[in-house]
Amino acid sequence: MKKIWAWGALVFGLLYFTLPLIGMTNFSLKMRRGEYSFDAYQKVFADPRFQETFTYSVLQALFTILFGVLLVVPTAYWVRLKLPRLRPVIEFITLLPLVIPAIVIVFGYIRLYNTSSWLPLTGSLTGTNILLMFGYATLALPYMYRAVDTGLRTIDVATLTEAAQSLGAGWTTILAKIILPNVLVAVLSGAFLTFAIVIGEFTMAALLNRPAFGPYMQLLGANRAYEPAALAVIAFGITWGCLGLIQLVSRFQKSAPPKA
Numbered sequence: 001m002k003k004i005w006a007w008g009a010l011v012f013g014l015l016y017f018t019l020p021l022i023g024m025t026n027f028s029l030k031m032r033r034g035e036y037s038f039d040a041y042q043k044v045f046a047d048p049r050f051q052e053t054f055t056y057s058v059l060q061a062l063f064t065i066l067f068g069v070l071l072v073v074p075t076a077y078w079v080r081l082k083l084p085r086l087r088p089v090i091e092f093i094t095l096l097p098l099v100i101p102a103i104v105i106v107f108g109y110i111r112l113y114n115t116s117s118w119l120p121l122t123g124s125l126t127g128t129n130i131l132l133m134f135g136y137a138t139l140a141l142p143y144m145y146r147a148v149d150t151g152l153r154t155i156d157v158a159t160l161t162e163a164a165q166s167l168g169a170g171w172t173t174i175l176a177k178i179i180l181p182n183v184l185v186a187v188l189s190g191a192f193l194t195f196a197i198v199i200g201e202f203t204m205a206a207l208l209n210r211p212a213f214g215p216y217m218q219l220l221g222a223n224r225a226y227e228p229a230a231l232a233v234i235a236f237g238i239t240w241g242c243l244g245l246i247q248l249v250s251r252f253q254k255s256a257p258p259k260a
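Under UniProt numbering, the first residue of the sequence shown is numbered 1, with each subsequent residue one higher.
Think of the hints as simulated: they come from the structure by calculation, not from any bench.
The reader is advised that the hints may include incorrect statements.
Pair by pair, the computed Cβ-Cβ distance ranges are [as the list claims (entries may be wrong)]:
#, residue 1, residue 2, range
1, Thr-173, Ala-46, 41 to 51 Å
2, Phe-202, Leu-245, 22 to 32 Å
3, Gly-237, Ser-116, 38 to 48 Å
4, Ala-158, Ala-222, 21 to 31 Å
5, Arg-153, Phe-236, 27 to 37 Å
6, Ala-6, Ile-110, 41 to 51 Å
7, Leu-245, Arg-153, 13 to 23 Å
8, Ile-93, Asn-209, 23 to 33 Å
9, Glu-35, Ile-100, 43 to 53 Å
Beta carbons are placed, not taken as given, at the ideal position from N, Cα and C, and that holds for glycine.
All chains, please: the whole structure from these sequences, using the hints.
Rendered as structure tokens:
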């Protein structure tokens, strides 16, 4: 009886997630009356705004991932090595973006860094882009920190650090050549999640008036019929691709031995 309920729950979950996607995909292929076609996808890919916004969001995602790695890996490493009592505090801080709405965060940024503040980031395009990257890094912080912290649990941080120090390695060398290679798979998992978050994020990019992919999706959805469905399918494909890569690198993490 339990197996029947388990299989029933699994089938219900699969239908719940796949049926809307199947219906949306089917609708996106009906732009040409009476037959299936990829006209909606062709129009989306040929749209200069799609190319501009997608390229912008991809670049923002890459910079956000780089910033997140530089911020999270040393922090998680130092907390695990020297400040274990602060772990609950750090974990609480990293989880705050899950309970604080993005609109609250971005309004706080605008209030603190407007043109009349001591650091007027919103007064220039470069400053606004940097501010948006910080916002994305904040939204991705819970996932990046949790992934890196989980990776650090699988290795003996103290022993690796002592061995590297006995050979004369400095802190930068230890982080770059010992710790990072051992948690690289975990970092990649956090990076893929960060990429998926940045690609689909709307609130921060819209309020900071930047040409990101999320606002473009909303604008297209308000003015077209078939193209938004095609764009949603593309966005789902990107997200599921990132999730698939996370599963792939997780398998490598389980099989890869620690590097000394």
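Okay, the hints, checked on the actual structure:
{"no.": "1", "hint": "Thr-173 - Ala-46: 41 to 51 Å", "in the structure": "holds, 49 Å"}
{"no.": "2", "hint": "Phe-202 - Leu-245: 22 to 32 Å", "in the structure": "holds, 23 Å"}
{"no.": "3", "hint": "Gly-237 - Ser-116: 38 to 48 Å", "in the structure": "holds, 43 Å"}
{"no.": "4", "hint": "Ala-158 - Ala-222: 21 to 31 Å", "in the structure": "violated, 55 Å"}
{"no.": "5", "hint": "Arg-153 - Phe-236: 27 to 37 Å", "in the structure": "holds, 32 Å"}
{"no.": "6", "hint": "Ala-6 - Ile-110: 41 to 51 Å", "in the structure": "holds, 49 Å"}
{"no.": "7", "hint": "Leu-245 - Arg-153: 13 to 23 Å", "in the structure": "holds, 21 Å"}
{"no.": "8", "hint": "Ile-93 - Asn-209: 23 to 33 Å", "in the structure": "holds, 29 Å"}
{"no.": "9", "hint": "Glu-35 - Ile-100: 43 to 53 Å", "in the structure": "holds, 48 Å"}
In summary, the structure is inconsistent with hint 4 from the numbered list given earlier, while agreeing with all the others.
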